[in-house]
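Kindly generate the complete structure, drawing on both the sequences and the hints.
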Amino acid sequence: MAKVVKVQTEFEGRFYEETIVVEGTEVEPWAPEQPLKLVGRPVPRVDGPEKVTGRARFTHDVRLPGMLHGKILRSPHPHARIKRLDTSKAERLPGVRLVLSHQNAPEIPWFRGQTRLFDTTVRYVGDEVACVVADDEETAEEALRLIEVEYEPLPFVVDPERALEPDAPRVHESQPNNLVNGEPEVYERGDVQQGFAEADVVVEGVFRTQTALHNCLETHGSVAHWDGDSLTIWDSTQHVFGVRFQLARALGLPLHKVRVIKRHMGGGFGSKNQAGKYAAIAALAARMTGRPVKIVLDRFEENLATGNRPATIQTLKLGAKRDGTLTAIFHKSILNAGAYAVWAPSASGPTKRLYACPNVRTEDWAVFTNLGPFSAFRAPGYVEGTFALESMMDELAKALGLDPLELRLKNYAEIDPITNKPYTTKGLRQAYERGAQLIGWAERAHTKRARSKGPKRVGFGLASQIWGGSGGPPAYALVKLNPDGTATVVTGTQDIGTGTRTALAQIAAEALSFPLDAVEVELGDTQWGVYAPLSAGSMTLATVGPAVRAAAEDAKKQLLDVAAQLLELPKEGLRVEDGHIATPKGERLPVAEVLRPLGNFQIVGKGARGPNPDDKNVNTFGAQFAQVEVDVETGEVRVEKIVAVHESGRVVNPLTIRSQLYGGVIMGLGYALLERRLDDPRRGLPVTPTLETYKVLTVADVPEIVAEMVDLPDPEANPIGAKGVGEPPIIPTAAAIANAVADALGVRVYELPLSPDRVLAALRGAQAKKDEEEGEEGEAS
Amino acid sequence: MAKAVRAEPEPELEVPVPVRGPERGPIKLRVNGEKHELWVEPRRTLLDALRDDLGLTGAKKGCDEGTCGTCTVLLDGKPIYACLRLAIECEGHEITTIEGLAQGGELHPVQRAFIEEDALQCGFCTPGQILSVKALLDENPNPTEEDVRRAVSGNLCRCGAYPHIVRAALRAAKGLAERPGR
Amino acid sequence: MKRFRYARPERLEAALRLLREPGAKALAGGTDLLTELKARTQEPELLVSVQGLQEPGLRGVREDERFVRIGALTTLRELEAHPLVRDKLPILAQAAQTVAMPQIRHVGTVGGNLMQQVRCWYYRHPFVRCWLKGGEECYAEEGLNHRHAIFGTSPCIAVHPSDLAPALIALDAQARVVGPDVEGELALEELYRLPDERSRARTVLGPADLILEILVPKPSEPTRVRGVYLKAMERATWSFAVVSVAARLSFEPGSEGVRARVGDARLVLGGVAGKPWRARDAEAALRGSPLTDEAIERAAEAAVAGAQPRAHNAYKIELTRALVKRALRSLLPP
Ligand SMILES: Cc1cc2nc3c(=O)[nH]c(=O)nc-3n(C[C@H](O)[C@H](O)[C@H](O)COP(=O)(O)OP(=O)(O)OC[C@H]3O[C@@H](n4cnc5c(N)ncnc54)[C@H](O)[C@@H]3O)c2cc1C
Ligand code: FES
Ligand code: FES
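Chains as they are written, first to last, in the numbering used here: chain W, 1 to 781; chain G, 1 to 182; chain B, 1 to 334.
The hints are all genuine.
Listed below are the simulated BS3-like cross-link pairs for lysine-lysine, each with C-alpha atoms no more than 27 angstroms apart in a straight line:
1) Lys456/W - Lys325/B
2) Lys89/W - Lys2/B
3) Lys325/B - Lys448/W
4) Lys325/B - Lys453/W
Don't read these hints as lab results, they were simulated from the structure.
Structure, rendered in structure tokens:
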């Protein structure tokens, strides 16, 4: 029976109260020591052949007969009112089928009503103004240039600190201030004032992090097609069921009339968690023209309008006893949310919970500005917050004369400091130990001396990570078992490049005791699929994996029932082994043979994700170590080696999990050293909307990376014992590198990225301070 | 030394040079060994011609401005960005796309190595990466790790599959070298 | 992209005649021009492909008595791999290797590289109409100028992006040009100009002038000449130069080892000005003195002496200084 319960869930580092349905498909967890055949093996991706041959179909590749192309006109102003909009010239261009704008599109609220699909006020450079739909892209683009818009520029603000001043221009006129949700989000435990009073040492710093762009190689886009009153959308999304829900609501359609498909997607990293305006526009345009409509953003639009990791300004203060015991933490974070926001990441997440500290106060100020709205970006908030917290921990270690690792172990949290519950598993200590060994932590003083030469200085740093990744209900799966001994797994999740298809095939085959190639996984389609949540928050495997296993176990049970009757043997003695029915007499009969008398029929196994434990926290952990070489003449930072050791429960596939670890570390490296969107403050204009100006790492930038998992099957977390790993490996990378750079230079760079100009400035600052001190000493003597 | 020059009358040209466009016209392309005749404007890029006119969507449009590498194809065996090349400029050349790599249903050794080393995640950059590696191995069957890095330096991978891509290239090289008859 | 007509002549005269039509533009590899066509910073009526030209000398690298001769249609890849370039012009080989990525090097030509447009993020921004695009003001002057010029005076402060140009100027190369505005051999240094109120052009060539060949004089005493090209980039590869240095020194006969005296010196900077920038004061500081640490320091100071940093690019001065020192140190005779 389905049961409705209220639970506290953790998603992307935040806690939410949710009402959910749980269904009791109870499955015995795989015990840690239980030998498994397929789960835990380095199985190559099941969709590898599609991807290496170019057969894999992405949303960009969808082509339908009679398909039209849409191009969106975007605001060149950071804040303006549209006084006049004349689309007549564009409409007259041969090949143009439709021009949509606020003049003819329905008023569909967007961002919870903060704006509309086409608003008459634009609030950032890139805000949607109109859309041309034409026979081909060239014509649509040509027509965009024929649309005449008269804007009345309004005062704008792009600096979040300025936006907080009472006389600052307001991004949303109807709001009393520029704060998302009207006020800061404050968390407090213990007594922070008291805590600082008790401290022997207090350190404080202000950290700045940049705006980072996802730059998924497949830009956002949709293809919409109507068949009567049914809408089909191919969308480059991390959440087919979410897009269905959002579009059905936006267009006033019943859910069963909307089908969303995503077979392959060229990267999302959080920016594709929700439906974009382009999807709704494509759907409307397709309805109005009676033809399929494709809208694919170009790189420029992608970098203006599809989200970002928002910039932060963080003030962090730590108090500790002489032995290193933390007595108090204060963390204030100002986050540049851009023009629209329905939630906000919190940079203070790690501060609240990475270390055992009785007195903690955090403030998160998410601020509206006239810049492109942020979106989730691989461990939103935690990457930024960990950079500040772990940098400050190193400053504290320095002030106390303690080894940074020792300081962290001193404050190791055995129970979760927010919920006061123990963890199902916490492999952070193992991660520290293994990582320290792999980087040569104990010998680092020697290595530094030996390797620093001329203008080159070598340094070491470390940082730790906590994140959710428990997954949780609801999620469903079906396993359709065919009479020839093959099976199809059906679920409504999606593979966003993380290897979900492969892991689910392994889990289903394991549970069925079928060979891997007898199992096919169908996902990314709301029509065939049963509900599964978005692929984000490192929750896909831990959410959908147990549902798939439950469905497979259910199918297997039914298979044994049927086999027992067909073979006229007692059910208890029968087992499935590698696609065969094994009898007590030692016979092994292929499933296809046993089922043959039934002809064309099917067994349907059903499974649901059960609840998470009430009395424990399910989290993921890890530690990373960096070795860097800094050139004090040019300010260049060269990362020589990164060691990443993480604990995310059971390792289902060591091959694909290593890809995830590398991927996270490499993205973190780019964030630490290189990536930054630059905005011209005088014009509210991002000037780095290309992959030439917004630099991401190339293959030649990647240092030696040693990536390992602490393989700790977590039977209390869920029946497959796995937790998520998509986000954890990006979280501590920048912090570890920043700490290594500070170790190399003896001074800290408080701002990301750690670009040569900042390194040189920090060195200059340190030199100036030293000269001043020496000058004072000279005067004194 | 340079000098400012002349206003002499030009001699008449024997053969007038055909000027094509701006309207659509016929162009001939050889792709994966097959001849095609397309009806396109001179401004058509090779990438759009492949994807939209020939339905070969293995080459992707990640940026359309020569900055990502997802559109990489081989022109006479050399990797190029199809987005920065006019289709009309490819007449008389041999183009190879990812669709032309597997022979008779059998994957090319580079493709196999990419699967075995998990040198891909989302797979969007993968066709371009594979073609860059193939071009390298055709020219240099024994590449060093450094050679591989140089060869794929124009193919971004936002998923960060780089370490596995390097391994896959080296594995493919080894496999090719060990193949009988080479 | 706006629509255009297209022609692919085989004979040079035909190409030159077509190029004289209003709105005509030469197309070589297209790797730069196509980015401009797409951004609509160029809207030619007629593209004249020079790729079909059969003119001798247009492709490949050769040598005669006095010169190494590089055809303008030689690709960057051919250039970097050519034995003559590797052996005789290592500065140029090094510079060519740092350009872009294989896909561009296989297609992009030497002529196109020398004639490419600036990469300024305002110039290339679809929402901006800056001075260089025919607008009123240079957005970078008061805006974000991290990558902009620290030398030279011009209404546009974008830097010249070519890696080949500084290397070739350090090698004292000439361009052989034909066309209605310029014809004959031209010192490559003279090819470039800073845009001014009279003209927004960055070279002295007119739209119908073509570079046919680059001529690099061969040194009379190759063993006494040493050169290097260093490029500071934001990442390990495929990045335009933040700052680059092409340095070429000849050492006087009769002086050996560390005491070797510098005869002629050429120091050309990339990424710091609207055209390849000769550091003449630094060259003068080097001439006639041994390459001691002090001489190197002096030269590095002289190289940045007249620099005028803007709000966001003062770091380029330090970087230039460091790069010049590093380049000169690497040239110390063994
Ligand atoms: C992603 C990317 C990265 C790059 N990185 C670098 C780099 O790091 N360093 C660097 O130096 N360059 C770099 N470039 C520039 C690249 O080197 C040039 O695009 C290329 O060399 C241009 O050659 P092309 O033959 O393609 O020229 P085209 O694009 O065909 O032409 C460019 C311009 O030159 C003119 N032109 C071409 N040939 C001649 C001729 N013979 N005579 C007169 N005019 C002519 C054309 O009319 C046009 O105006 C990069 C380019 C890209 C797209
Ligand atoms: S699409 Fe051609 S390089 Fe990005
Ligand atoms: S695999 Fe996703 S971009 Fe390379």
